[in-house]
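Got chain B sorted already, so can you dock chains R and A onto it with the hints?
Protein chains in written order, with this note's numbering: chain B, 230 to 571; chain R, 230 to 571; chain A, 230 to 571.
Hints are computed from structural coordinates only; laboratory data are not their basis.
Errors might be hidden in some of the hints.
No copy is singled out in the list; a pair is fine if it fits within one copy or between any two copies.
Straight-line Cα separation of at most 35 Å, DSBU-like style, residue types lysine-lysine; simulated pairs [claimed, not checked]:
| # | residue 1 | residue 2 |
| --- | --- | --- |
| 1 | K524 | K487 |
| 2 | K432 | K487 |
| 3 | K567 | K436 |
| 4 | K502 | K487 |
| 5 | K502 | K436 |
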Amino acid sequence: MADSRFFATAGPFSLGELARIAGAEIGGEAGSASRVYRGVAPLDVAGAKDISFFDNKRYSDAFSASRAGACIVRPDAVTRAPAGMALLVTADPYLGYAKVASAYHPPVALRPGISVRATVDPSARLGDGCQVDAGAVIGAASEVGENCHIGPNVVIGPGVRLGNGCAIRAGASLACCLVGSRVLIHPGARIGQDGFGFATGPKGHVKVPQLGRVVIGDDVEIGANTTIDRGAGPDTIIGDGTQIDNLVQIGHNVVLGKGCVVVAQVGISGSTKVGDYVVIGGQAGFTGHLSIGNKVRIAAQSGVMRDVAEGETIGGSPATSMREWLRRVAVIDRLARKDKGT
Amino acid sequence: MADSRFFATAGPFSLGELARIAGAEIGGEAGSASRVYRGVAPLDVAGAKDISFFDNKRYSDAFSASRAGACIVRPDAVTRAPAGMALLVTADPYLGYAKVASAYHPPVALRPGISVRATVDPSARLGDGCQVDAGAVIGAASEVGENCHIGPNVVIGPGVRLGNGCAIRAGASLACCLVGSRVLIHPGARIGQDGFGFATGPKGHVKVPQLGRVVIGDDVEIGANTTIDRGAGPDTIIGDGTQIDNLVQIGHNVVLGKGCVVVAQVGISGSTKVGDYVVIGGQAGFTGHLSIGNKVRIAAQSGVMRDVAEGETIGGSPATSMREWLRRVAVIDRLARKDKGT
Amino acid sequence: MADSRFFATAGPFSLGELARIAGAEIGGEAGSASRVYRGVAPLDVAGAKDISFFDNKRYSDAFSASRAGACIVRPDAVTRAPAGMALLVTADPYLGYAKVASAYHPPVALRPGISVRATVDPSARLGDGCQVDAGAVIGAASEVGENCHIGPNVVIGPGVRLGNGCAIRAGASLACCLVGSRVLIHPGARIGQDGFGFATGPKGHVKVPQLGRVVIGDDVEIGANTTIDRGAGPDTIIGDGTQIDNLVQIGHNVVLGKGCVVVAQVGISGSTKVGDYVVIGGQAGFTGHLSIGNKVRIAAQSGVMRDVAEGETIGGSPATSMREWLRRVAVIDRLARKDKGT
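One chain only, chain B, in its complex shape (with noise of 0.2 Å):
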C-alpha cells in the first residue's frame, strides 16, 4: 500500500472496474469480476487484496512467487501465472498499471487560493482555481491559465505565460517562456535564463544578448533540476508530450520534437534540432548545430557528434550506428583478450 501520509487513495475497486479502467480482459481461472481489491503494490510485497502487473522478463520468478490476488499481464503470461491470482489480461501491463495505479492514488487535489506568503505582482493574471504556495514570486504581466499549482519557492518571471493545469514545483524558476497546458515542472528546473553566449574579443569574452524565448507544448515533463537555456535569438523549443528526466542541459535554440524521452544527465549543446518521437539515453552527449531525425535512438553515453538519419539506432563516442558500435567493442573485446594470451 501507498504511504497514506504522502497519497490520497481512493477504491476499492472491484476485478471488473479495473478491467475496465486498465482496458483489459478478465483471464486465467481464479478471475471474479466482482472480488474486490484495495490497491496496488510490487508483485514482491503484494498481497491477496492487492493488484500488481507482470511486464518485464526479468520479474518472471517474482512474478510465479508472487501472491498478488490480481496481476495484470500479457497473453503470454497468462499459462504461467501462480495458481489462484487473478489475472487481467492486455498487450501492453505497464499502461494498464498507469491507469489503475492512478485510480487508486488520485492526484491531490488543488486547494484553490494565493498564499499570504506568495508575492504576486498586481499586474500579473492568475486563472480560476490555481494554488500559489508561500514563498512563490510571480512577475509583472505574467499570464498563468487556469488550476495550476505554482509550487513553495517557486519564480516565475516577467512576462511567462503558463496553460492550464500546469504545476511548478518547490523551488523552480521560470523566465522569458511560454508554457502549454498539463506541463509538470519539477522541483529547482531552470527555465528560460541565458544561453551560454559571447563572443571573445581582445578584451576577454563578450556577452552576446539572448533574445530569445522557450517555448514548450503541451504535456509536457521536466525533471527535477534541469535547465534549458532561452533561445539567442530563435527560440528553444521543447514539442508537444516530450518527458524530460533530472539533471538534463539544453542549450540555447535547441528543437525538441514531440513525444521525446529525454533520460537524465543528457546534454544538448546549442541549435541542434531533434525530431519527433527520439529517445536519448542518459549521460547522452550532443555537440551543436546537428539535426537528428524522427524516432531515433540513442544509447546511453553516446557522443553525438554527426548528424542522424531518421529512425537510426546509434551508439558510442564518437557515436555510430548500434551495429557498428557492437562491432567495435567487440573487436576491441577480442583483440585485448588475444594480447593476455602472447
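Same frame as chain B, but now just chains R and A:
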C-alpha cells in the same frame, strides 16, 4: 524581433550608427549609412528592417536566402551576399553582433530598493543602487557592492562579499565566498557549500571540516544549477573573465585561471589546477590533483587523468592528444570494418 | 587560518591535547606535549603556530618544504620531516586531521527558533532546539526531530519525517521521504519528486503514478543539486553512512547500501541495487535493474551495463574488469601507434 514581453528595446539605429557600434565598415553595394534598422533577427526570419549576422559556414544557405536588410559579415562573405542586402564588414561578425544586439536590447535597468518580502540581516551592508527581490535572504555581516541585483529567493550567506554590478538570479545560493565585480550567477547555482571531504575510519566516514572559501574574480559568469564547492583549507578559485556553463561541478581547492570557457556538465575533481584561457568541452571530467596548462583545449566527454602541458589539445577517455585520439578512433573503426568483412 | 568571516574558531590546543584528539602519538624529535598551536593550515602556507597533515605522496615536496610547526603524518614519513617540525604519528593522518580541524573549527551552534519569515504548517511537529530560517516552508503533518537546522528557502513537503541533528541547506526540497538522524543535505538537492515513469500508449506517454518514498538512513550526506527520485511502488533507499556528492542522479527504486561513496555527476538508473561500501567514480552511469555487489569499486566515467560481483573493480564503457579495461586501452594505444608507423 525580440519578444517585448521579455526584452527592452532601443533604437532604431542607422547603418552608420550600427557600423560604429559594431566596429565594422559599411560594405557591399547596398549599404547606405543613413538607412535605418529597427532590430536584430536570425538570418532566416529577418526582414528588410532587421540586421542579422553570418559567422558560421553551416548557415551559408540561410545567408544566401536571407531577406535581412543588413548583415554583419566577414570580408570573404561580401561577394556572396544576396542583392540588396547592406553589409557591415568586420573580422569578427559575432563580436559585432553582440555589440549591436546589446544596443537594441539593453539590459533592464535595476529598480533600486529592498523588497519588503526580502530578509536582510541588520549587519549586512548593501551599496547604492542595489535591487533586492522578494524572498531573498541576506546574512549577517555580508557586504554587497553597488548596483547589484539580488534576485527572488536568492540566499547570500553570512560574511559573503560581492563586488559592484553583480547579478544573482532566482534561487541561487552563496556561502563562504568572496566575489568580484560584474559577476553573473544564474538561477540555482550553488557556491561555497562543503566540499566532498571525509576520512574513512573504523566507524565509517568522518567528515573533514571544509575551511576554505570560494574566491571568484571579476567578469565571471556561472551557469544555472552549477555547483562550486569551497576549499578544504586552501580556497577554490575562479579567475577573471571565466565563463562557466550550466550543471558544472567544481570540487574543493580547484583553481580555474582567467578567461576559461567551461561547457555544460563538466566535472573537475578536487585540487586540480587549470591554467588561463583553457576551453573545456561539455561533459568532460577530470580526476583530482592535476595540473592543466594555459590555453589547453579539451574535447567534449574527455576523461582527463594526467597533467596537460600548455597549449595541448586533447580528447578521449582516458584523454590523450587530439591527434592520438583521432588515430585511435580510426584504427578501431578500420578493425571493426575488417572484422565485418571476414 | 580559516577566514573568521565564515568559520568559528576554538583553541589554541597543546600538542598533547592534539595527540589525544587525533588519536595519534607524538613523534619525531621536535615534539613537545606542552607546546601550543593555534590552528590548522595547508602544508604550503602553515607557519610555526599551525598544524598541518601529510597523507598524499603527491605532496611530498610541499611536506619537505613546509614551515608548519606540527604535522600529522604516517610512521613512514617521520624520517623525512623538516627539522623542527613536531609530528603526530598515526596510521591515518587524514582521519586525525579531520578530528583536529573539527576541534579548532566546531560547527556553528544552532540558534533555536523559527524565523518569522518561515512558514510552518500548524500540524507540523518540530523537536526541541531546531533552527528554522527565513523562507523555509514546512508542510502539513511533517515531523522534524531535535536540533535540526532547516535553512533559508528550504521546502519540507507534507508528511516528511526527519530524525535528530539533521541540516538541510539553502533552497533544498524534500517530499515523500523519511530521513534518519545526522543527515546533511546540501543546497538545492531535490529529494522525493516523481521518478521518470510513464507508459507509452497509442496517445503518447501516460504518466505512471510514483507511489513509493525515499528512505534515507543515518549519517548520510547528499550533495548540492543532487536529485533522488522517490520509488515507483517500492521505495528508493539510501543506506546509513553513505556519502553522495553534487549533481548525482538517483532514479526510482534504486537501493544504495551502507557506507557507499558516490562521486559527483554519477547517474544510477531505476531499480538498480547497489551493495554496501561501494565506491563510484565521478560521471559513471548505470543502466537500470542491475545488481552491484558489496565493496565494488567503479572507475570514473564507467558505463555499467551488467551485474557486478562483490569486490570487483571495474572501468570503461561498457564497463568491464579494471584489468580488462586497462588491457583494452593498452591494445588500442599500441595499434594506433603501429598505425602511425605505417
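So, going through the hints one by one against the coordinates:
no. : hint          : in the structure
1   : K524 <-> K487 : within (10 Å within a copy, 41 Å between copies)
2   : K432 <-> K487 : between (42 Å within a copy, 12 Å between copies)
3   : K567 <-> K436 : neither (53 Å within a copy, 46 Å between copies)
4   : K502 <-> K487 : both (12 Å within a copy, 33 Å between copies)
5   : K502 <-> K436 : both (24 Å within a copy, 26 Å between copies)
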